[in-house]
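Produce the complete structure using the sequences and hints provided.
There are 6 protein chains.
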Amino acid sequence: MTVVRPSGRAPDQLRPVRIERGYTRHAEGSVLVSFGDTRVLCTASVENKVPPFLRGKGEGWVTAEYGMLPRATHTRGEREAAKGKQGGRTLEIQRLIGRALRACVDRSALGERTITLDCDVLQADGGTRTAAITGAYVALVDAVRWLLARREIARDPVFGAVAAVSVGLYRGVPVLDLDYAEDSDCDTDMNVVMNDGGAFIELQGTAEGHAFRRDELDALLALAEHGIGQLLDLQRRALAG
Amino acid sequence: MTVVRPSGRAPDQLRPVRIERGYTRHAEGSVLVSFGDTRVLCTASVENKVPPFLRGKGEGWVTAEYGMLPRATHTRGEREAAKGKQGGRTLEIQRLIGRALRACVDRSALGERTITLDCDVLQADGGTRTAAITGAYVALVDAVRWLLARREIARDPVFGAVAAVSVGLYRGVPVLDLDYAEDSDCDTDMNVVMNDGGAFIELQGTAEGHAFRRDELDALLALAEHGIGQLLDLQRRALAG
Amino acid sequence: MTVVRPSGRAPDQLRPVRIERGYTRHAEGSVLVSFGDTRVLCTASVENKVPPFLRGKGEGWVTAEYGMLPRATHTRGEREAAKGKQGGRTLEIQRLIGRALRACVDRSALGERTITLDCDVLQADGGTRTAAITGAYVALVDAVRWLLARREIARDPVFGAVAAVSVGLYRGVPVLDLDYAEDSDCDTDMNVVMNDGGAFIELQGTAEGHAFRRDELDALLALAEHGIGQLLDLQRRALAG
Amino acid sequence: MTVVRPSGRAPDQLRPVRIERGYTRHAEGSVLVSFGDTRVLCTASVENKVPPFLRGKGEGWVTAEYGMLPRATHTRGEREAAKGKQGGRTLEIQRLIGRALRACVDRSALGERTITLDCDVLQADGGTRTAAITGAYVALVDAVRWLLARREIARDPVFGAVAAVSVGLYRGVPVLDLDYAEDSDCDTDMNVVMNDGGAFIELQGTAEGHAFRRDELDALLALAEHGIGQLLDLQRRALAG
Amino acid sequence: MTVVRPSGRAPDQLRPVRIERGYTRHAEGSVLVSFGDTRVLCTASVENKVPPFLRGKGEGWVTAEYGMLPRATHTRGEREAAKGKQGGRTLEIQRLIGRALRACVDRSALGERTITLDCDVLQADGGTRTAAITGAYVALVDAVRWLLARREIARDPVFGAVAAVSVGLYRGVPVLDLDYAEDSDCDTDMNVVMNDGGAFIELQGTAEGHAFRRDELDALLALAEHGIGQLLDLQRRALAG
Amino acid sequence: MTVVRPSGRAPDQLRPVRIERGYTRHAEGSVLVSFGDTRVLCTASVENKVPPFLRGKGEGWVTAEYGMLPRATHTRGEREAAKGKQGGRTLEIQRLIGRALRACVDRSALGERTITLDCDVLQADGGTRTAAITGAYVALVDAVRWLLARREIARDPVFGAVAAVSVGLYRGVPVLDLDYAEDSDCDTDMNVVMNDGGAFIELQGTAEGHAFRRDELDALLALAEHGIGQLLDLQRRALAG
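Order-wise, the sequence lines are chains A, B, C, D, E and F. The C-terminal residue of the first sequence carries number 240 in numbering that gives the first Met the number 0, and the numbering is unbroken. The C-terminal residue of the second sequence carries number 240 in numbering that gives the first Met the number 0, and the numbering is unbroken. The C-terminal residue of the third sequence carries number 240 in numbering that gives the first Met the number 0, and the numbering is unbroken. The C-terminal residue of the fourth sequence carries number 240 in numbering that gives the first Met the number 0, and the numbering is unbroken. The C-terminal residue of the fifth sequence carries number 240 in numbering that gives the first Met the number 0, and the numbering is unbroken. The C-terminal residue of the sixth sequence carries number 240 in numbering that gives the first Met the number 0, and the numbering is unbroken.
Treat the hints as calculated values from the structure; they're not laboratory data. Remember, predicted model here, so these are calculated numbers, not experimental data. Every residue, glycine too, gets a C-beta built ideally from N, C-alpha and C. Possibly wrong hints are sitting among the right ones.
To be verified - Just a sample of chain A residues kept apart from chain B, beta carbon distances all over 10 Å, derived:
1. V3
2. G35
3. N47
4. R54
5. R112
6. A148
7. G204
8. Q229
To be verified - Subject to a maximum C-alpha distance of 16 Å in a straight line, what follows is the list of computed EDC-like cross-link-like pairs (lysine to aspartate or glutamate):
9. K84(D) with E79(E)
10. K84(E) with D182(D)
11. K82(B) with E151(C)
12. K48(C) with D182(C)
Here it is as structure tokens:
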């Protein structure tokens, strides 16, 4: 069964992915990640404090915040700061990013420090949360290298690597890395976060309209594994650069 | 490989589940659902209005709100109404419940009406969101029967049934329907929502500490399928009562 | 002068009152109180801290919070947590409950502890605040017994007992314990809180439409005294059970 | 039994009361009322709109808002606008003022208009809510006269008059019109709102420390009746001026 | 070129200005300032604490808050405390007042104390922010005198004096101290804060409709200097009284 | 008198300024403006609606919102969306940007449309508000050209051009276009907005520590005029590109 994707891509083809380190200068890690037209600025900020529930335990914390510039999207969205609260979608995404990155950090090696990953979407075209996770990992590594270089920490708290991609059923066909046009016309989509050991960290599948069968799930997972392999490779190259 | 669960249950054993219809009298549907010591009051309220984005389209809406009484838990939690906002966890759960139930409703058959499922946790012992989905489905059916009985709608907008359960890896062993003690000591857990056609509606797996391999995922999905089969059966019996 | 109450009760007749202790298991005191169809879950939570203005003074604090489940009422009310603030009625009621219960507690015997009474209305049919006070007293005693049993405090800080009831002029006739149908059609109503010494702790009378004369006030107070006598008796029996 | 009041007043003696009409110029009614050192600016604003629940019913609305300037009190209180919400005490008082004044208004004679009474405390020395009610009545009459003079309404919607005073047990002795020093040292206090027919509109008694007996209540009510008689007289004179 | 001002004043004529000290009794400084019909109550409150960023530095702080009573204006404005936030205009004005007064205070001579200037507009007729600054200076001096008299501070932290006035182009003609009628019909207005050394502390000019040329700016500045000279004189006389 | 600026620039030298049009693709105008290390993304969004106070008047509206990414600065600032409100500085700046741009728009030629200028600071190094105004003007022109090209409006509503720069006294010497290091060590600074006719639109001067004399003001204004001339030229070239 074949289908023509709006983007013209093959079903198992990622969009062009770019990872630019050092995009802004104040943050300890600063990465502009692009998945096609989706562009997310991910900064990692180190602060010598931890949330109240961790005080005095000698452990660190890794957390994330997510935002979307009002005109990152096709039509202007209201600014959350002006509305006076972050919406449910925002909170859900930033909780996801935080959990995903904590999964590759040994927080006891971090000391009583917090690393905050701010993921701000400059331009949105689908897949902002998976781009954010993939880029924030690189910003996190840069912030940790900064700590190591200044000998503030003795050993690297990051183990392994983490990347994320979306998959979905587009007109019945499993496809990789949905852009906005595909996502809007998709019955089912899933966000998958994996590590470089090939194991799953997060799996969030949602059926809108078409509940997915087990064989469809299997095909989607295979696609995700394929795409994440490539993203992990791009992260490695960016960090080697 | 065997493990003794804190609850003494077999790995594939649900907690005792009770579904009491008509628990309170004002709501069009009102169900107290218990998964062991977890007790959630699910009410379905019918209102003759829809959110702004649906006005004038002739379709209905199904949505959910979730709350936890301050002392539903082991230690008292601050009241969200007093804090002045709903937390990220609350928003995430109520969005999940809403999506799960919309997956079995033909909204065009509902007319310009909203059915709101309020899921309030009276007592928490793990699995509140899966209990809420399972109970809210029954409340929804009762509200729809009320509409049908009064001839406000011509045909039943509910197709199929929806239930949910949690699964997780407890000390490396896949187990079904985690209670609080198990959940706290669990490396990985997943919430699964399925319909009575055996297809998936939502899948939310999170690894805290132990990323899960593909074979572990397969075992968890099999357990979930097994548990949800039983829950769908209990819903049917409750609705036949 | 006679009048037929919508409920068919005699003017000086309470609704059936039930007080169930141990309704939920985590709280130190947990009582489901019913005045007819009005059902309020009252939990008492003990915490080893006091508000800032009492720190270091060796005294304890007793406070209350009040909530209403969205569909406790005939038509669904908006959830206060979703609105982002507690309404004036909620704040007024929870301040009343707190004052009423502090009136029977020697706070110096409590040590630097706070007991919070959460009164959540599961089903409303008039008189929720008086039911809440009457039930919260029993939950408070259970929490204090828990503290005494664990020898966390040396002597019982509760002296006497406190109960509350509403009275009103229904079509010119003084009646006891108004339900929703009566309350809606009532010119004047008063909430009365008394102790077991026959003295008044709070008196809140409001005339909507018909200002009440002194002789009417006297008749209402006599009715309240009569009803509260019975409620104090029901509390005693529940606590003896 | 005798007692020396901090103010040196006799137990049944009001503080000097002043009612200045036309204190500010934009409002339809504007009154500065003083009960001794307590000074409250009460303005009545007429607007040609009603709250949603009254739209299209041909009736008007009367409501009140209450505020306290940050340094009206001995020590500076945080500004509610800066805190981002009105406290429970504020909401309770403004609800009371609104109910009290609605008790003397035939809202059908008002047409679809709202009169808002803003009661802002410039200087506080006890009894701000009773001063506010007493002054707001005069501002309300001025606003109604303004409507009548412009022939916007055909007949006077205000029937009778409303005034309020506090009473309390000071060292066991019933006293009238408590100032701050007395109020702080008082076991029991009651706010009483009455009309010029000698009937009660609101009665709010609170025992802090000493529950009051029926004979004490009777003495307090007699004092209140005495004081309100004088206040009604002062209102009449001010309005005749 | 001549123009008739709505107020009939000469272009370089201030409104009648009154400065009443000791307007309320609790605050350490309390001034009612009137610029014509604009009346602002300015209180200065001394507190023995400083904001977090100054703790332990031995310096004090001077800050301001601004409010407008709901019916200070021609039509009633919504109460900011009820809306749940201070508007942009309010924040802008209170930041301006705070900066203006800090410009004449040696904060190291103040010790770890905060003086808060609360400027509440009782009646508005244009120029509330300039009246507030002019009045708040006098309240500040009174609070400092209170500290000196109690020997809480050793030397006077206030150096020089600060006053403010508005100027604008009314129908092309530069005029001094705009009232509401003039302000509404003005193309350009400027608020000027100066000290008694003839130097500028704040300059805020805004063109609405007509961008102003350099020669117009010069004329406006000359007018402002003229008016502020008179205001500084009135402050001196008030403080000598 | 000479001084060495931290940046090494001559007193009358701007930082390198870059204006990149079309920086993101969804907005009708999208400009990344850089004043040295200060980088602000300015998008112009066209919407076919106006605020309530303009409905039905046939006029349009131009407004601005300002934000700062949390790690645009040296140390991470709290996200305003997470705090639940925009700070006073943010509101002050966005009001300034909006006023500045409305000064060059004939709103009647815009029809009932709103153009919103979102100015989001990606990296901050002083002068973000003046960079924002200068860049937003270019985004505005692009949005207007888009409207003209689609023939949604008949004539160009933009007349003239608007640009802004900061000036200040650095160690007593007037300097142009302050960066963060200079701004932090500056006694006086002024933000100046001018049009291409050489007239002033906004003037906001603030003395922190050193009140400025008239001759200093004159020198600062001359510098600003010089710098704005260059900025207007850069805007023209960017728009011609």
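Status of each hint after checking the structure:
Listed as outside the interface, V3(A) is consistent with that label: its C-beta sits roughly 26 Å from the nearest C-beta of chain B, beyond the 10 Å cut-off. The beta carbon of G35(A) is kept farther than 10 Å from every beta carbon of chain B, the shortest such distance being approximately 26 Å. With a least CB separation of 25 Å from chain B, N47(A) remains clear of the 10 Å interface cut-off, as annotated. The Cβ of R54(A) lies farther than 10 Å from every Cβ of chain B, with a closest approach of about 18 Å, so its non-interface assignment holds.
Residue-level check passed: R112(A) sits 20 Å from the nearest beta carbon of chain B, beyond 10 Å. With a least CB separation of 29 Å from chain B, A148(A) remains clear of the 10 Å interface cut-off, as annotated. Not every CB of chain B lies more than 10 Å from the CB of G204(A), the least distance being 4 Å, so the non-interface label is violated. Even its closest Cβ contact with chain B, about 18 Å, leaves Q229(A) beyond 10 Å, as expected for a residue assigned away from the interface.
For the proposed pair K84(D) and E79(E), the alpha carbon gap of about 9 Å is at most 16 Å, so the pair holds. With a C-alpha separation of about 32 Å, the suggested pair K84(E) and D182(D) falls outside the 16 Å cut-off, and the hint is violated. With a C-alpha separation of about 30 Å, the suggested pairing of K82(B) with E151(C) is violated against the 16 Å cut-off. At roughly 39 Å between alpha-carbon atoms, K48(C) and D182(C) are farther apart than 16 Å, so this suggested pair is violated.
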